[in-house]
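When you get a sec, could you build the whole thing from the sequences and use the hints?
Quick note, the working numbering runs 230 ahead of the 1-based positions in the sequence shown.
You may find that some hints are simply not true.
[To be verified] Listed below are the simulated EDC-like cross-link pairs for lysine to aspartate or glutamate, each with C-alpha atoms no more than 20 Å apart in a straight line:
{"id": "1", "residue 1": "Lys296", "residue 2": "Glu282"}
{"id": "2", "residue 1": "Lys296", "residue 2": "Glu416"}
{"id": "3", "residue 1": "Lys443", "residue 2": "Asp518"}
{"id": "4", "residue 1": "Lys1023", "residue 2": "Glu901"}
{"id": "5", "residue 1": "Lys1011", "residue 2": "Asp981"}
{"id": "6", "residue 1": "Lys1092", "residue 2": "Asp1115"}
If you are wondering where the hints come from, they were derived from the structure by calculation, not from laboratory data.
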Amino acid sequence: MAWSEVVWPRLASGGGGYVWSPGRHGETIRLPGAKHLKRAKRVEFRVLGPVELWADRRRYELGTPKERCLLAILLLNRGMPVSTEILIERLWDGRPLPTARDNLYGYIHHLRTRLRAATGERRIERRGGGGYLLDVPKECVDFYQFEWLREQAQAYADDGYNERALGVLHEGLALWRGEPLADLREDWAVGMRTTLRRRRDETIPLRMDLELKCGNHAAVVEELGELVARHPTNERLIRYRMLALQRCGRSAEALEVYITARRWLVEEHGHGPGHELNRLHRQILNDDPGLRHPTGPQRRPVPEPPNNLPREVDTFTGREENVQRLLALLAPEPGSGTPPVTVIVLHGPPGAGKTTLAVHLAARLTERHPDAQLFLDLYAHASDREAADAMETLDSALRLLGVPPDHIPGRLEDRVALWRTHLARRRCVIVLDDAADASQVRSLLPGSPGSVVLVTSRNRLAGLEGARPVPLDFMSEEDAGALFARTVGPDRPLDGEGLRTVVRLCDRLPLALTLAAGRLANREVWELSDLIATLSGEDRIGAIQAGDRTLEREFAMSYRDLTVPQATAFRRLGLHPGADFAAPSAAALTGLAPAEAGQAIEGLVDRNLVREISRGRYRYHDLLREYARELARREDGEDVLSDGLRGLLEHYIATATQACRTCHPFERHPELAAVPSPSAPSVNTPGQARAWLRAEHDNLVAAIRLGYERGPAESAALLARALWTYLEEAGHWAEAVDLHRHAAEVWRAVDEPAALADTLRVLAHAQWRLSALDEALNHAKEALALFREIGDKQGEALIMDRICSIHWGRSDYRTAIAYNHAAVEIFQKIGDSHGEATSLMHGAITLAERGRYPEAQADFEKALQIFRRIGDDRGLKWILNNLGDLAIRRGRPAAALARYEEAAAAVPELSRHDEALLLNNVGTVFARSGRLADALENYREALAIHQDIGDRIAETDTLLNIARAHVVAGDLVEGMAHYRRAQASSLELSDRRLRMRTLQGIGEIRLRSKEYAAALTAYLGCRELAREIDSAYEEACALEGIGNALLHLQGPDKARLSWEQALRTYTRLGVPEADELRGRLEGGGEAAGS
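Structure, rendered in structure tokens:
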């Protein structure tokens, strides 16, 4: 049987219970944690046999008999709720267990789970009450399909279409797979089985009548004998049996059937046969020639059905996904019953191929809808006439159906009634092409099911009741290329790259592709490259034309229908620098009032001139954007367009500043006079602010770049600065460098030292993030001089703290600490608690690198107290993370993990950079605890994020951790591969700290590989770097490694000297390596390095 393409099922409530309701037809549902969207499934419930559920041609297990019975009860209650009491009564045959109610809830739960596994639906909703309702489209239940097909067969039989009626009836009977509810034994099921059988048996007289009228008497004569034997007093079956026997040349047997029937009727009912049976008896006795069947089937002559569909174009190509989806809705496979949808609105932008697709579908549907195939043009966008009204269209439609002109009523309501009367009990396919609005279509719809209507429109026709809107977007790249090639013809060679270029230039719009292909086909001397050159010129829209048809004219016919605000929005929004836009930015750019701009955009969406890509966000197709820009240049002056860009930048500056202040209230932000307009999106919570910044990120950057290019450049620079804390937190460091480098040029040009100093400060910060330390230091020193010149003490302290970080990155810890102390002192003097805590934290990090752990711990604790006092969650996250790092250094992995968990919980949302750092750090805890597989998984996730955001230092640090984990796991080859990658990166970055760690790891691998001389060389290099950067811990690690190598090269006495030096440092630092090394020395040293 056929399948209905729906999303199944959702147990929700209705009438006080559970409702299984599909989603909107064809919708996709994201499961929690799913990485991909699941497509809609074709679902079928079967009760005309064993109870079964099929989805996508696969049968799914339905569980226990009670669960199957529950499903059957809900399925066969005809869309009405079933109370809990009735369900219990039916499931337990009136003798419920004490736990029946609880068991019922369990069955509902299990049923939901099984259905979710089969169909992909995600949840059960219960809204109270005691009723359960299974809200299933009837075409998905075989019994309801059978019922509908039986009714259709009767309708065809009443009209005299006997063969068609018989075919439909056989289609319905084919749904029966044996006894209904065959696997159920409950009393309710036994009774329902009898009811269902009775419904099937009620079709027998109709089928036999049709079989005889179609000349199939020989095929049914024996079956009729069995039926009469079971129903010896059914006069209708007796007549059919006698007639079949007579037509088979067995008149004597027919007369014997009459005699037997008369005896039964007298005995059972006390009277003889009725008039019809007696008359047939006389006709057989007299060998009446009227009883003989004709040479062909008996049926009413069928006139040639009307068909005025346009010739289907030979170049129809692609759209297979659209075609299959629509056919699944409109023409299910045999046995699936009435189509779930009878009115389709194909809507899309001008030139999307709506009419072509509708005609193609109508031709495909002819066999299913053979009574008429009508094409009615409504002329909404005709260039040479007004749109057709309902009176005119109905006149044409009724004439096509054969109604004489003088029989067509003069009043609209009478024409509608006549039209619907002619369509009743017919299967027609009707194309209503180029509709302007719902009112133009409403009167043309059939009044009863059976026919299919395909409406094409550039508008969505949202008010058309009962219609299924199906958007038709531009073609896929593959289909677009195939359409162009097929239209050009097989004689023109098309190279793949050139074809892809044409597809891109035509924006995958079918009309544009067809016109461009037609132009090429009619220029015999042109190569594909000539067409590409033409389309790549300044007037691409004008170049897409063939003969008297142009793309510009098609677009213009949509533009002419717009209201003044819609036309203004359409033109000016084409100038938006981003790929998409939201209503508030649209109002700022167009100069329209916010409410007016919102309404105008909705109108453009309804007319398919812009697309709503997500809630409240909109996008043009490329060709429509270009057309809009050309209109703006033509109809709006340069001053208007410049004012629009200025308004957009001011809107973005005000909203971005507010959003970044919301997310980072303790950071330094520019003081701006502008405030967000009342219509601006709410960014008053960190969640709202981050959501807005992420959604608008590409637009904000594009607006800044356009401002630098066209002006006002100062506004662009202000917007770049307003975005800094977001760009820093989100890891968009390279972008921040580019934007602020241009901003610095702007402030130099207009001689704004305060703005320049602040811009250089954030530029240095971004460059430090990207490990461009020399550039960062140069810009930081210039900023420091400017801050001192203008007397900005906070700015001076901030940049000194950044210089500390830059020197830390250069492994120049002494210089870093000097700048850090100076910054802390200024912050304390000016009362900037946040700056003081941040600077204390940076200083503590540097102290920890030098092995001054107690001092680092004390400064971390001071910073922690300040962050807690001022309520800075972001600072709290940083300091807790660093305290975890220090605990790791001091050999306390459990304490470290606790700190990392506190850090993750300190803020409602982690940035990608923070997430990667925590993954890396927790991975180190796992590694120290022997959970190497978990450690590697964390490290790899962190590495991917670091690489994505461009954090080279953290990336290299993570590579070193991965290498170390592989070495501990015994995989020296993988370990060395990662150490080599880290070594190359550390040399590129000129980072002595990372080079030192790399040499330490390579030395360990050489030692394990018994390459003792190479190990010694690596450890000696590591010790040298450790001394250069004043890292006591790393020097001690190098000394221990040197001792391990010397043990094998020169003996235990030489090794002991290095080990004893390392032990003294380990002991001073208070790290766990001291106990391990001390134990080896006390044991004679023989085990060291083994």
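Evaluated hints:
no. : hint              : result
1   : Lys296 - Glu282   : holds (13 Å)
2   : Lys296 - Glu416   : holds (9 Å)
3   : Lys443 - Asp518   : holds (17 Å)
4   : Lys1023 - Glu901  : holds (16 Å)
5   : Lys1011 - Asp981  : holds (18 Å)
6   : Lys1092 - Asp1115 : holds (16 Å)
Comparing the model with each numbered hint stated earlier shows that all of them hold.
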